[in-house]
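**Q** Letter by letter, the chains look like this.
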Amino acid sequence: MEWFSFLRDEILPALLKGFRVSILLIVPSAVFGLCVGIVVGAARVYGNRFVAALANAFVTIFRGVPLVVQLFIWYFGLPYFGIYFSPFVASVLGFTLCSGAYQSEYIRGALLSIKKGQMLAAQALGFSRIQTIVSVIMPQALRRALPGSGNEIIYLIKYSSLAYMITCIELTGEAKILASHTFRYTEVFLAVGTVYLIIVSFASRILEYLENRFRIPGFER
Amino acid sequence: MPESLNTVIDALPYMLSGALITIAVVAGAMLFGLVAGVPLAVGQVYGRRLPQRLIGIYIWFFRGIPLLVLLFLFYFGFCTLVGLNLSAFTVAIIVLGLISSAYQSQIFRGAIGSLPAGQFKAARALGMSDTQTIIFVILPQALRLSIPGWSNEYSIVLKDSAVTFALGVAEIMARTHFVATRTYQHMPLYIAAGIIYLVLTYLGIKALRILENKVRIHGYIR
Amino acid sequence: MILWAENIRKTYGDREILKGVSLSISKGELKVLIGPSGAGKSTLLQCLNFLVMPDAGDVWLEGHKIDRAKKSELYAIRQQVGMIFQDFNLFDHLTALENIKIGLIRVKGMDKKAATDRADAELERVGLKEHAKHYPAQLSGGQKQRVSIARALAMDPKVMLLDEPTSALDPELIGEVHAVIRDLVANGMTMIMATHQIGFSRAMANEIIFMENGLIVEQGEPRKIFSNAECERTREFCSKVTDLYGEV
Chain A
1 MEWFSFLRDE ILPALLKGFR VSILLIVPSA VFGLCVGIVV GAARVYGNRF VAALANAFVT
61 IFRGVPLVVQ LFIWYFGLPY FGIYFSPFVA SVLGFTLCSG AYQSEYIRGA LLSIKKGQML
121 AAQALGFSRI QTIVSVIMPQ ALRRALPGSG NEIIYLIKYS SLAYMITCIE LTGEAKILAS
181 HTFRYTEVFL AVGTVYLIIV SFASRILEYL ENRFRIPGFE R
Chain B
222 MPESLNTVID ALPYMLSGAL ITIAVVAGAM LFGLVAGVPL AVGQVYGRRL PQRLIGIYIW
282 FFRGIPLLVL LFLFYFGFCT LVGLNLSAFT VAIIVLGLIS SAYQSQIFRG AIGSLPAGQF
342 KAARALGMSD TQTIIFVILP QALRLSIPGW SNEYSIVLKD SAVTFALGVA EIMARTHFVA
402 TRTYQHMPLY IAAGIIYLVL TYLGIKALRI LENKVRIHGY IR
Chain C
444 MILWAENIRK TYGDREILKG VSLSISKGEL KVLIGPSGAG KSTLLQCLNF LVMPDAGDVW
504 LEGHKIDRAK KSELYAIRQQ VGMIFQDFNL FDHLTALENI KIGLIRVKGM DKKAATDRAD
564 AELERVGLKE HAKHYPAQLS GGQKQRVSIA RALAMDPKVM LLDEPTSALD PELIGEVHAV
624 IRDLVANGMT MIMATHQIGF SRAMANEIIF MENGLIVEQG EPRKIFSNAE CERTREFCSK
684 VTDLYGEV
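Residue numbers (the numbering used here), protein chains in the order written: chain A, 1 to 221; chain B, 222 to 443; chain C, 444 to 691.
Worth flagging that the hints you see were computed from the coordinates, not collected in a lab. All of these numbers come straight from a predicted model, not from anything done at the bench. Every residue, glycine too, gets a C-beta built ideally from N, C-alpha and C. Incorrect hints may appear among the rest.
[Stated by the list, open to error] Simulated DEER-style distance windows between Cβ atoms:
1) C/Glu516 / B/Leu424: 27 to 35 Å
2) B/Lys435 / C/Gly570: 31 to 39 Å
3) A/Tyr84 / B/Leu241: 28 to 36 Å
4) C/Thr454 / B/Ile356: 28 to 36 Å
5) A/Tyr209 / C/Thr454: 34 to 42 Å
6) B/Lys435 / A/Gly82: 50 to 58 Å
7) B/Gly331 / A/Ser180: 38 to 46 Å
8) B/Ile431 / C/Ala519: 43 to 51 Å
9) A/Lys115 / B/Leu424: 34 to 42 Å
10) A/Ser135 / C/Thr454: 48 to 56 Å
11) C/Ala512 / A/Phe183: 39 to 47 Å
All chains should be built: construct the whole structure from the sequences, respecting the hints.
**A** Now the structure itself:
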């Protein structure tokens with residue numbers, strides 16, 4: 001079958017190339033995004049008036065403005081101030097900040113759901129505020145935030161495809177290039193779509209596994 | 222500085238007409254998502270095994286595949302294959318609508334599931350058919366409960382609409398980029414575009430909150 | 444005989460809830476089901492109007508056997524047999540009046556005016572006319588149950604099934620519901636009621652049916668069952684219950 005050899009000889013190599021870039025985009029963005037989320041989330045819950053307001057403003061802006069606009073600002077906009085990022089760096093920056101804003105929502109929700117008594121007990125034992133947050137609150141909050149945060153990372157896998165729009169060529173970019181050269185849009189994009197579906201399903205399974213593994217009996221609320 | 226401000230002000234009417242296109246796309250997609258999402262949710266909750274499985278696959282597909290890929294697949298691939306001559310605008314609404322329907326169905330499904338079993342039982346005990354029960358007892362309550370989730374979905378679809386720029390839909394991003402490439406005032410223009418999106422988000426959510434209050438039932442706590 | 448059920452069986456998972464129960468009721472009678480929780484009283488009542496599909500057994504309404512394969516017959520029997528639930532199950536998105544109207548309009552096909560008039564009358568009959576425009580969330584438990592009785596009565600049922608109608612009510616609200624039920628008895632309504640309210644049952648029932656573990660252990664006149672029951676188990680249950688609920 002002709003399309004099978006097309007699949008093997010043309011699509012697969014392109015997909016592999018793109019997949020590599022996608023992973024390089026997704027992993028750092030997910031990790032840094034989570035870090036940003038934790039810091040911003042904690043700032044929103046435990047920070048003083050000024051810090052909390054700043055953090056809230058950050059979240060409102062980065063959740064309210066489309067990711068596409070954010071990416072364009074980092075890639076096309078920053079040169080206005082003389083800062084030139086490569087498409088790759090601009091993408092990771094954009095994904096990190098945007099994901100971070102969403103992550104902070106989940107972290108914040110999880111932090112708020114921890115009973116006040118936990119903090120009181122720790123302070124009664126002599127813990128400082130920071131120590132309490134790090135050793136007592138966060139371990140519990142991160143478990144609670146797992147479903148939301150995990151889902152956000154799955155979203156990230158999907159919207160990493162937007163890197164194409166600022167010329168960072170990952171999976172979607174490779175597909176577009178190949179398809180425009182061969183005019184075999186349907187096959188190519190079905191293939192790429194399938195790859196994403198597989199990655200997303202795989203990530204979902206891992207998330208489920210993690211949720212089960214870290215479950216503490218009776219800890220639900 | 223003043224040059225950039227002037228550029229933005231000059232471009233504003235052009236960008237705002239793009240906002241109209243954006244609103245049209247978002248409204249179309251959300252409506253599509255609603256009309257498709259309700260039957261999907263009802264099918265998932267009350268349907269038999271086979272419809273449930275099929276709906277599950279539909280939802281998995283439209284929630285798993287990236288928007289951009291689906292737009293390209295549909296516009297360049299499917300339409301050409303089948304010989305459909307749809308505009309980018311139409312394709313944008315259809316694709317955003319399909320994806321939204323998958324997410325909206327989960328919102329409705331959750332709302333339906335949160336209703337006590339007694340509601341269905343009582344309707345049955347009166348002799349109502351399942352269809353009547355779903356239409357007159359279950360959905361009126363479930364749809365009210367879904368408004369907050371729908372609000373959230375609105376802001377998501379609004380932001381996703383910016384991606385349709387890749388197909389050439391003349392919405393806010395497309396127009397902003399058009400002006401930016403000609404005037405080189407990228408930063409101020411994109412910031413302005415961002416502000417327009419923020420305003421649209423705020424207005425939409427405000428409107429939905431008013432709707433929520435209008436259809437609220439006295440003392441209804443769930 | 445208006446309603447007659449024979450050999451009803453029902454299993455949930457690996458538990459047999461009803462092990463072959465038969466009962467019958469004639470026009471104007473009030474029969475009361477008593478027994479410990481888990482005896483199958485609720486399930487039995489819900490099998491009589493096929494809200495729960497029995498695994499075996501048949502039901503006759505006014506001499507006609509209900510063919511459970513036919514959806515139309517199921518809808519028909521549910522129209523003619525009214526049911527009152529322990530947790531009221533009023534439609535939360537409708538006012539008291541609308542709760543009563545909806546069955547009339549959608550199931551009986553009445554026009555809006557006729558339905559409103561009838562609903563008004565039923566609401567007045569249970570003494571809640573001023574609450575017509577209130578939503579269930581704004582009503583007390585006793586009021587909710589009275590509305591649900593009005594809703595069932597508006598359908599002109601031949602038989603009413605009451606599944607522990609006062610179990611979810613605060614003690615002070617039980618009286619108002621009992622008053623309505625008393626009224627129904629006086630007007631000749633045929634009813635089967637499951638309840639823990641021994642005093643009320645003793646005063647009002649034509650027959651007491653004691654159930655345990657999915658079977659009818661004993662049935663007979665209230666006087667006999669409560670003071671002079673034949674079965675050991677019945678006597679045991681009744682003595683414990685009268686201790687708990689007090690002699691009325």
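**Q** For each hint given before, does the structure comply? Return the numbers of the non-compliant ones in rising order.
**A** The structure breaks hints 1, 11; every other hint is satisfied.
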